[in-house]
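**Student:** In terms of full-length UniProt numbering, the sequence shown opens at residue 1 and continues consecutively.
Wrong hints could be hidden among the right ones.
Straight line, CA to CA, 30 Å or less: simulated DSSO-like cross-link-like pairs of lysine-lysine [what the hints assert, rightly or not]:
no.	residue 1	residue 2
1	191	249
2	227	249
3	328	58
4	58	227
5	152	249
6	227	152
7	58	249
8	191	152
9	328	227
DEER-style ranges, computed between Cβ atoms [said to hold, decoys possible]:
no.	residue 1	residue 2	range
10	312	73	20 to 28 Å
11	227	324	36 to 44 Å
12	303	100	42 to 50 Å
Read the hints as simulated data drawn from the structure, not as lab findings. Cβ atoms here follow ideal geometry from the backbone N, Cα and C, with glycine treated the same way.
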Amino acid sequence: MPLLTLDEIETFARDALTDCGASAPVAASVSRSVRRAEADGIGSVGLGYLGTYLAHLKSGKVDGRAEPRVNRARAGAVLADARHGFAHPAFDLARPVLVEAAQDAGTATLAIRRSYSIGVVGHPVEDLAEAGLIALAFTNSPPNIAPWGGRKPLFGTNPLAFAAPRRAGPPIVIDLATSQVTKVSLVAAAKAGTPLPEGWALDAEGQPTTDPAAALSGSMAPFGGAKGAAVALIVEILAAGLTGANFSKDASAYARTDGPPPGVGQCIVAFDPSAFADGFAERIEDLIGAIHAQEGARLPGARRLAAREASQTRGVEVDAALLTHIEKIRFA
Numbered sequence: 001m002p003l004l005t006l007d008e009i010e011t012f013a014r015d016a017l018t019d020c021g022a023s024a025p026v027a028a029s030v031s032r033s034v035r036r037a038e039a040d041g042i043g044s045v046g047l048g049y050l051g052t053y054l055a056h057l058k059s060g061k062v063d064g065r066a067e068p069r070v071n072r073a074r075a076g077a078v079l080a081d082a083r084h085g086f087a088h089p090a091f092d093l094a095r096p097v098l099v100e101a102a103q104d105a106g107t108a109t110l111a112i113r114r115s116y117s118i119g120v121v122g123h124p125v126e127d128l129a130e131a132g133l134i135a136l137a138f139t140n141s142p143p144n145i146a147p148w149g150g151r152k153p154l155f156g157t158n159p160l161a162f163a164a165p166r167r168a169g170p171p172i173v174i175d176l177a178t179s180q181v182t183k184v185s186l187v188a189a190a191k192a193g194t195p196l197p198e199g200w201a202l203d204a205e206g207q208p209t210t211d212p213a214a215a216l217s218g219s220m221a222p223f224g225g226a227k228g229a230a231v232a233l234i235v236e237i238l239a240a241g242l243t244g245a246n247f248s249k250d251a252s253a254y255a256r257t258d259g260p261p262p263g264v265g266q267c268i269v270a271f272d273p274s275a276f277a278d279g280f281a282e283r284i285e286d287l288i289g290a291i292h293a294q295e296g297a298r299l300p301g302a303r304r305l306a307a308r309e310a311s312q313t314r315g316v317e318v319d320a321a322l323l324t325h326i327e328k329i330r331f332a
């Protein structure tokens, strides 16, 4: 497989996005997210998702020239309208406003509406943690998970992420979907014709299945059963209900190029630790030390950080067939 540097990946993504109709600022923002995903070993939302971005730019499902609008409605309330463009530039524009609001009020919330996939939801919270804030992020997505006991998908995979700053190391970042696995993994199994592990999905009758075709016509399984479905509902209420975005049930599928923009939402909450108690940084290091003191224990994100370090020194192996697929969409 070709070995690309992170700079080459970012340039390739930026040029492809521009060729398919994205403005220079939008292409720069989204290509940075592709670079970061590849650096962290999460290629499914890096180059693996670039083809979807390009197809949606061409079909008009996402507006590559949208200019987001941001305003601070109240002391701790920051509102962003992505205007059916990518979520990345909306967050980039809102981030300094959110940081200032959190530092002023102690806690502040960013609500993004009329949005699109934000890629790795752990990256926005990591950015806020780099600014010294604790952060939580929630985003909904087109429906893939049925409510517990139901049969028809109603919620997205609805990921959430958390980050906390550290004095002696990179931020702690926790990033997880409310589904048992990613939709990308399920689709890959269907294309390969390989059976799914038990617990990944339900068929159209709400019964567990290992048949990927039956799973695609049914529902993805939430992690932890009823508890995961409840968390998906929490994310839905915060990311869509609170922000004024489309609920997952009303969002058009990312897997298709037809249909209107999905119009989903993101909710990002930031806390300034200094507003609540003294000695936060020291206490966190004490907690991390207690984790490391246990043999075999590791902090969440250890593999991500290892992948990031490796990618910066030796680059990233990329599937040549994936690059060809992206180029076909780019020049179609």
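**Student:** Are the hints correct? Go through all of them and say.
**Tutor:** Outcome of the hint check:
no.: 1; hint: 191 with 249; result: 25 Å, holds
no.: 2; hint: 227 with 249; result: 20 Å, holds
no.: 3; hint: 328 with 58; result: 13 Å, holds
no.: 4; hint: 58 with 227; result: 39 Å, violated
no.: 5; hint: 152 with 249; result: 10 Å, holds
no.: 6; hint: 227 with 152; result: 18 Å, holds
no.: 7; hint: 58 with 249; result: 24 Å, holds
no.: 8; hint: 191 with 152; result: 22 Å, holds
no.: 9; hint: 328 with 227; result: 42 Å, violated
no.: 10; hint: 312 with 73: 20 to 28 Å; result: 39 Å, violated
no.: 11; hint: 227 with 324: 36 to 44 Å; result: 42 Å, holds
no.: 12; hint: 303 with 100: 42 to 50 Å; result: 34 Å, violated
In the structure shown, a violation is registered for the earlier hints numbered 4, 9, 10 and 12, in ascending order.
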